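If you're matching them up, the sequences are chains A and B in order.
With our numbering as the guide, the letters of the first sequence map in order to residues 1 to 480.
With our numbering as the guide, the letters of the second sequence map in order to residues 1 to 257.
Just so you know, the hints here were simulated from the structure itself, not pulled from any lab data.
Treat the numbers as computed from the prediction; the structure is a model and nothing was measured.
Where a beta carbon is used, it is the ideal one built from N, C-alpha and C, also for glycine.
Possibly wrong hints are sitting among the right ones.
Said to hold, decoys possible - Distance windows between CB atoms, simulated:
1) Q164(B) x R258(A): 37 to 43 Å
2) A93(A) x Q251(B): 48 to 54 Å
3) S218(A) x R24(B): 53 to 59 Å
4) R232(B) x S156(A): 42 to 48 Å
5) Q164(B) x R221(A): 57 to 63 Å
6) L459(A) x S138(B): 40 to 46 Å
7) A6(A) x R232(B): 50 to 56 Å
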Amino acid sequence: MALPIATLYAEELKATMRGRFAWIGAGVVLLAMGGLATLSTQGGWLQGYGILAYGLVPLAFLPIAAGLMASPRTNRFVECIFTAPVNRRDWLAAKFLVLFTLAAAYYIALLPAMFVYTTHVGVPLLLHKYLLWTPGVLLAEIAIGSLIGLLFIGRSVMAPIGTAMGLLLAYVVFIPMQEVMTSQGNGATRTGHITLASPAVLLKNALGFTLGIRTIPSHTRMTWISFAVVVFGSLLLAAWVFLQAQGVETWEATRPQRWILGLALLSIALFPVIFAETTYDGIAPAQSRAPQSRFGARHGEAALVRSGAPISRRCCSVILNWDHPDILANRSNRRDLLLLLPVDAAKAVTNFHATLEGGEGLEATADSSSLQQAAPTLETRTYPNDSGPEMPDGHRLTASWVLRIPVTLLPRNPWDLSVIYPLHIAATYAVSGDPQPQSFDEHAGVRSRIGGAMVQMALAGGILPLCCFAAAFVRWRRTR
Amino acid sequence: MNNVSVFPGNAAGFAVEMDGLTRRFGDFTAVQGITLRIPKGHLYGFLGLNGAGKTTTIRMLTTLLPPTSGTAKLWGHNVADDPLAVRRLIGLVSDETSESQSGWTAREYLLYFARIRHLPDPRAHVEKLLEDVGLDPSFRGKLIGTYSTGMKRRVEIARALMGQPKVLFLDEPTRGLDLPAKREMWNLLRRLAIDENVTTFLSSHDSHEIRSLCNEISVISKGRLVYTGATRDLGNDLDSFEENLIALLTQPVPNSV
Numbered sequence: 001m002a003l004p005i006a007t008l009y010a011e012e013l014k015a016t017m018r019g020r021f022a023w024i025g026a027g028v029v030l031l032a033m034g035g036l037a038t039l040s041t042q043g044g045w046l047q048g049y050g051i052l053a054y055g056l057v058p059l060a061f062l063p064i065a066a067g068l069m070a071s072p073r074t075n076r077f078v079e080c081i082f083t084a085p086v087n088r089r090d091w092l093a094a095k096f097l098v099l100f101t102l103a104a105a106y107y108i109a110l111l112p113a114m115f116v117y118t119t120h121v122g123v124p125l126l127l128h129k130y131l132l133w134t135p136g137v138l139l140a141e142i143a144i145g146s147l148i149g150l151l152f153i154g155r156s157v158m159a160p161i162g163t164a165m166g167l168l169l170a171y172v173v174f175i176p177m178q179e180v181m182t183s184q185g186n187g188a189t190r191t192g193h194i195t196l197a198s199p200a201v202l203l204k205n206a207l208g209f210t211l212g213i214r215t216i217p218s219h220t221r222m223t224w225i226s227f228a229v230v231v232f233g234s235l236l237l238a239a240w241v242f243l244q245a246q247g248v249e250t251w252e253a254t255r256p257q258r259w260i261l262g263l264a265l266l267s268i269a270l271f272p273v274i275f276a277e278t279t280y281d282g283i284a285p286a287q288s289r290a291p292q293s294r295f296g297a298r299h300g301e302a303a304l305v306r307s308g309a310p311i312s313r314r315c316c317s318v319i320l321n322w323d324h325p326d327i328l329a330n331r332s333n334r335r336d337l338l339l340l341l342p343v344d345a346a347k348a349v350t351n352f353h354a355t356l357e358g359g360e361g362l363e364a365t366a367d368s369s370s371l372q373q374a375a376p377t378l379e380t381r382t383y384p385n386d387s388g389p390e391m392p393d394g395h396r397l398t399a400s401w402v403l404r405i406p407v408t409l410l411p412r413n414p415w416d417l418s419v420i421y422p423l424h425i426a427a428t429y430a431v432s433g434d435p436q437p438q439s440f441d442e443h444a445g446v447r448s449r450i451g452g453a454m455v456q457m458a459l460a461g462g463i464l465p466l467c468c469f470a471a472a473f474v475r476w477r478r479t480r
Numbered sequence: 001m002n003n004v005s006v007f008p009g010n011a012a013g014f015a016v017e018m019d020g021l022t023r024r025f026g027d028f029t030a031v032q033g034i035t036l037r038i039p040k041g042h043l044y045g046f047l048g049l050n051g052a053g054k055t056t057t058i059r060m061l062t063t064l065l066p067p068t069s070g071t072a073k074l075w076g077h078n079v080a081d082d083p084l085a086v087r088r089l090i091g092l093v094s095d096e097t098s099e100s101q102s103g104w105t106a107r108e109y110l111l112y113f114a115r116i117r118h119l120p121d122p123r124a125h126v127e128k129l130l131e132d133v134g135l136d137p138s139f140r141g142k143l144i145g146t147y148s149t150g151m152k153r154r155v156e157i158a159r160a161l162m163g164q165p166k167v168l169f170l171d172e173p174t175r176g177l178d179l180p181a182k183r184e185m186w187n188l189l190r191r192l193a194i195d196e197n198v199t200t201f202l203s204s205h206d207s208h209e210i211r212s213l214c215n216e217i218s219v220i221s222k223g224r225l226v227y228t229g230a231t232r233d234l235g236n237d238l239d240s241f242e243e244n245l246i247a248l249l250t251q252p253v254p255n256s257v
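One chain only, chain A, in its complex shape (with noise of 0.2 Å):
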């Protein structure tokens, strides 16, 4: 015969999967991941859906998991349950595998994405940490949810749930103010302390990384503990109420009891409050391979387009590529840089000279021709409504010159699916009627992206969505 144990559990998870929007939740939630994933790659992917995926929607398991234990009570299925050979031991220990097991099941699900990402980019640091940062809060989020929805015994589950959400919404705020508190020297504070309530946030800090800022505590040991005490002693309290402090139906707890129930969810709160470590002394470390640099959307005067195609009219930033097409990483890609010269088109341009160096892995190469022109072919750009730029004697200009190097830049070793690469261009040029000679000096960016990535991560995070709405298409045509 079968563990009484193992057989509740198996029956509980398929009766989990049988609610009548579960498995298309499941599949809405896992394919807003994928898009997500596949969006997030346009920027950078770690910071983007890594901060979503393996830190956010892990909190949300606290009212799934408040949930799922107040459920059976509210709908009177307890009744059932206990009027059946079924030891209430058992049937906890089963829904706390059930909940564990829905939580190894999202895990599981960001794999393939992972999978794709890491097949690319390798395993940075911030990922590494996600991979441990995320189980830790599942856990913690499924033994505060439990604890929640164990505590609320009545006919409503809007109660446990609706607490969740609050305690939810908490924990989430709680992870920026950590980390701007820390930035501006506050974390130590007494606001500084209440945001260490965040089961993600003493993890976070206990696993040694931030998700913006340069600083950690040194010291984690009583970080540890506290999340130790949070997480285990929310588990152990959920069980203690279940089966000493409540009936099938309602509270059965002596005035000793509720003394002790108070007490201890009194010290849960606040124990990571007062004793988890704020000493913000140590520095954090590098989250990946990207260069600190940061390219904002500042006004540039130079572009990238594809060989022979005009300038854009809404042309410049300094990310040369902005408004066109990314370059493949690991491959050569022949572009036109555009430099726009601020000459009247009016005056000739002569003797120019071009240096072109890439940085963190971009090898940017043109012909010496082309970097090295007496009289070099310039294109007119011309600017309606005053726009053009302005002049040291105060006028603006209405037409000014362009000229245009053909260059092949091969970026290799990029950090994410999604990359800015540094490339610095230096010029020097004469203009007729100016003794001075004049100088171009840009430090820009160039996009890049991993070729096919996108494509990969949008099927890799699209296989279980789907498997889900097959699951849901099976039950509705089977039961329907």
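Given chain A's structure and the hints, the job is docking chain B onto it.
For chain B alone, kept in the frame of chain A given last:
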């Protein structure tokens, strides 16, 4: 009339024994000092107005609610000390459970319980039960939420009959059933009592049902038993039975709580 009611028979023959059974919720006493013994194989009626304490009594007997004081035994097993043994003996149809899993099919619902009870060949067992309660095969794979009230009732009764219980606790078991189905159910309960010695503890507001099925009844009012005895002693016809019943239910209860 008093709070102590004993039917003839030896101790080994009792399916249900209550001795001073009391349940309080804070300062409110829902059931006070019920003492009652029901022999095995009887169809026993339990009547009372809404809020009289019928459901609380049934919940204590089915291990859902621990008694505040007093004892209750089913087939000699104390409900407080040995709840698992009691649960192996009972089946319950409560007024409030039929809507609990509307997203499941009847087969899924009953298979869940067949498996957690470790019944051999659970699928065959479930089909047999559904056949016994008369649920049309074409509906067995559809969601319970789409069923009529009567069909939901049949599924609940099938669940209560699972594992061949020795004592059935039925709270308004035929509410919502049409007349033929109601008759089928009565016949099923009679057959279970005669052939398998199943004791049925039947709570109902349907006087006709109680009179048709039960030879003995108890009447509870404001947490206390106000009558225990033969059904026929309350009247030879339905009118006189109901008049006497109403008189019992509305009379002042001494030391009422």
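Structure-based check of all given hints:
1. Q164(B) x R258(A): 37 to 43 Å: 42 Å, holds
2. A93(A) x Q251(B): 48 to 54 Å: 50 Å, holds
3. S218(A) x R24(B): 53 to 59 Å: 57 Å, holds
4. R232(B) x S156(A): 42 to 48 Å: 45 Å, holds
5. Q164(B) x R221(A): 57 to 63 Å: Cβ of Q164(B) to Cβ of R221(A): about 59 Å, so the range 57 to 63 Å holds.
6. L459(A) x S138(B): 40 to 46 Å: At roughly 41 Å between Cβ atoms, S138(B) and L459(A) fall inside 40 to 46 Å, so the hint holds.
7. A6(A) x R232(B): 50 to 56 Å: 52 Å, holds
Of the numbered hints listed earlier, not one is contradicted by the structure.
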